[in-house]
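Student: Take the sequences, apply the hints, and build the full model.
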Amino acid sequence: IENTGDREGKYSPPAASIAAITGDFALRVEDLSAPNSILFGVSANPHGNDGFAAIGFGAWLYGGGAYVLENGAPLAPMHPHNGVTWIVRTGTELRCHLGLYPDAAVPVRVMTGMSGPLWFDCTIGPMGGSMSVRFDPPGAWSRGALRAPARLGIGIGA
1 IENTGDREGK
11 YSPPAASIAA
21 ITGDFALRVE
31 DLSAPNSILF
41 GVSANPHGND
51 GFAAIGFGAW
61 LYGGGAYVLE
71 NGAPLAPMHP
81 HNGVTWIVRT
91 GTELRCHLGL
101 YPDAAVPVRV
111 MTGMSGPLWF
121 DCTIGPMGGS
131 MSVRFDPPGA
141 WSRGALRAPA
151 RLGIGIGA
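The working numbering puts the first residue of the sequence shown at 1, with every later residue one more than the last.
Derived by calculation from the structure, the hints in this document are not laboratory data.
Note that the structure is a prediction, hence the values are computed from the model and not measured.
One or more of the hints may lead you astray.
[As the list claims (entries may be wrong)] The calculated label-pair distances, taken between Cβ atoms and stated as ranges, are:
id: 1; residue 1: 77; residue 2: 19; range: 13 to 23 angstroms
id: 2; residue 1: 64; residue 2: 18; range: 11 to 21 angstroms
id: 3; residue 1: 18; residue 2: 77; range: 12 to 22 angstroms
id: 4; residue 1: 132; residue 2: 103; range: 18 to 28 angstroms
id: 5; residue 1: 105; residue 2: 76; range: 26 to 36 angstroms
id: 6; residue 1: 22; residue 2: 63; range: 33 to 43 angstroms
Just so you know, even glycine gets a beta-carbon here, dropped at the ideal spot from N, CA and C.
Tutor: This is the structure in structure tokens:
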């Protein structure tokens with residue numbers, strides 16, 4: 001996903017997955033444009049507003065660091081970041097991991113009570129910011145178990 005807008009320094013319109021994700025999953029997001037700012041995560045209602053406030057649980061990557069997002073708000077502290085973020089759902093629990101593999105790092109935040117379908121939701125800024133997004137079952141991205149990712153359709157704008 002890349003912000004190809006025509007105004008330097010402006011955030012892209014929000015982008016969300018076309019289909020909801022049900023059940024357990026591992027979401028892998030790689031920042032391809034550091035130090036640009038990207039905000040992403042999962043949402044129960046990605047079309048609820050035009051900004052990132054609809055992101056129920058995710059991350060804000062900026063300048064080599066990462067904040068966890070809950071309900072669109074960044075939570076302190078800022079964590080060092082190497083470019084790869086994971087959101088893993090098991091049952092109704094969501095965990096945010098920073099690092100190459102979700103099983104190699106302690107989660108930086110855990111949120112419970114997230115049941116029902118969730119959509120990928122994001123916004124990117126400024127122009128030129130980009131990220132790689134992949135979904136798989138939770139165990140598929142453990143060290144030594146890498147396989148081809150599932151495809152995810154993204155719709156830009158409302």
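Student: Any hints this thing doesn't respect? Which numbers, in order?
Tutor: When the structure is compared with the hints, numbers 1, 2, 3 and 5 turn out to be violated.
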